[in-house]
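Engineer: Turn these sequences into a full structure, and let the hints guide you.
Respectively, the protein sequence lines represent chains A and B.
Heads up: the first sequence at position 130 corresponds to 130 in the numbering used here, and the numbers run straight through without jumps.
Heads up: the second sequence at position 52 corresponds to 52 in the numbering used here, and the numbers run straight through without jumps.
Warning: the hint list may mix true and false statements.
[What the hints assert, rightly or not] EDC-like, lysine to aspartate or glutamate: derived pairs with alpha carbons at most 20 Å apart: (1) B:K323 / A:D150; (2) B:K386 / A:E152; (3) B:K228 / B:D280; (4) B:K386 / A:D150.
Quick caveat, the hints were computed from the structure, so don't treat them as lab data.
As the structure is a prediction and not an experimental result, all values here were calculated from the model.
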Amino acid sequence: MRKTQDLIPDYPIDLFSGGIYKHAILLGIGLVLFLLTQGCQNSHDGQASRDEQMQDTIRVVQYDETTGLVVADGIQLVKANCMNCHSPKLITQSRATKEGWEGMIRWMQAKHRLWDLGEHEATILEYLATHYAPEEGVGRRRQLEVEWYDLEL
Amino acid sequence: MDNMDIDLGTPSDDKSDKLRSNMQGRRSFLKASGSTILGAPMVFAMNFPTGLLPIGLVAEPAQQDIPGKDARLTVLNDRPINMETPPHLLDDRLTPGNLFFVRNNGIPPEVITGDVESTWKLTIGGEAAEQEMAFTLTDLKSTFTHHTYQLTLECGGNGRSEFNPPAKGNQWSTGAVGCASFTGVRLKDVLYHVGLKSSAIYIGYYGADKHLNGSDDTVISRGVPLDKALEDESLIAWAMNGQDLPPLNGYPLRLVFGGWPASCSGKWLTKIIIRDQVHDGPKMTGQSYRVPCDPVAPGSTVADEDMCIIQSMPVKSLITYPKTGGVISLEDTLPIRGHAWAGDLAVEIVDVSIDFGQTWQPCRLEKPANRLAWQHFKTSLSFPQKGYYEVWARATDSEDKSQPMILPGWNPRGYLNNACHRIAIKVT
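Structural biologist: Put into structure tokens, the structure is as follows:
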């Protein structure tokens, strides 16, 4: 349930350069549950029909035609506040946590005259952190998750 | 490994309305209270399969309740039970029964409490057998010579969790492997006793486990080519490390084929059939325990006819001491221990690296106790300066193949990940 990228075999998947279709993995848990359910409901029909069903139901993420941004709550605010200065590609090629995106906003405010986003900041951050979050496990090895302990030798 | 093959509880046509009304009740519950408990609306609650609870509502599995197994094992799935062993718990030269991983496809049979020796029957038959014969455990033990071998069993999907795009099924990390001392009779002695027709090319097994959907459907029925079946180390085993097999590992009788996907080594063994064709039982066909015959790009869809059955497992190793995450001092010398194995082959070399594979240091490597047993390695490391390190282990087999440092070839079901094992060490 960590990732849904295996459910989109009919999209071009570029593991290394961050192709735009990777955004499809950013679907919420609800869609994953939905897909699981589809699998269950077809559990007597065999693997092939399940896979077809998954491919049919995955085409939910839509991209804005002019910017390539994921169409979702907040996109209008992002376009209105961010695209004055820079290309949407600066967003679509980037991945960060909410804290990371907030840092970029603060930096643009400090160095590049970005205005105070006011009440819209929360919505914009939510949009960015949801649809342009860091992707776990991309590449050929993932980071080790470590709980440090004192090793007595 | 074929987790999506299981019936998650969707009512089939012949089930009663009771189940449906239960489902309605659960959905109402999910709609009414699930959101509150989860702290967020549960999207698609109406589609949530019956028989499951949202992850947010599931308590920690009561691992103490899994008979014969150490509570420190990682439970990946509790219906059917699938549990793996963290690497530092595999430090024993032979894996104790309570630490040995469990990969179940169905519900194990009730443990027989009566006179299992005379009541458990193994039938040998099939179209390429000269005759059909049945043996009690007493018959097997009294008719054939006993043999004991240390044999490595590894799930074909061990390491699946690292594949990307991810593969469905139990997300094994590194712990679906163990090596134990198995005692039984040679499969070949039994097969020759029954008689093989000249048409014999494969064997298939059947076990007493039950399908999750409650039907009499066969859960899993895999097998091996006759050549593998006739090897000295291929056993019909009743003991592991000198004791009865653990209930979850096949008590009272199982097959053991060291070095091949452990799904070949049928548990709760009741029947072996000698085939004049490649065995075609459940999980022999389609995409189960198969990889693309020719390498494919990550994320590819591969037709069934282009998938080939996995046979010998690839070379692999595990660092079993220390546990990952150790913090040591710059003046310390760090001992390293582990095991390495290579399917049907032997391991020739194990190296470790502390600089992300730029330089490698050879380990002392023991010869295997017997063919198909894992081999123990050790070395000690000192570190040039303070900081974060990863210790990587890389084994090389007798045909000069080494473990890759990145993931090996992607395959649709996520089998055969033998990328080198890594632990983290901090030097202060």
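Engineer: Compare the structure with each hint and give your call.
Structural biologist: Right, here's what the structure says about each hint:
As the CA atoms of B:K323 and A:D150 are separated by approximately 11 Å, the hinted pair is consistent with the 20 Å bound. The suggested pairing of B:K386 with A:E152 holds, with an alpha-carbon distance near 17 Å, which does not exceed 20 Å. Distance restraint check for B:K228 and B:D280: the Cα-Cα separation of roughly 17 Å lies within the 20 Å cut-off, and the hinted pair is therefore satisfied. With a C-alpha separation of about 15 Å, the suggested pair B:K386 and A:D150 falls inside the 20 Å cut-off, and the hint holds.
In this structure, every one of the numbered hints holds.
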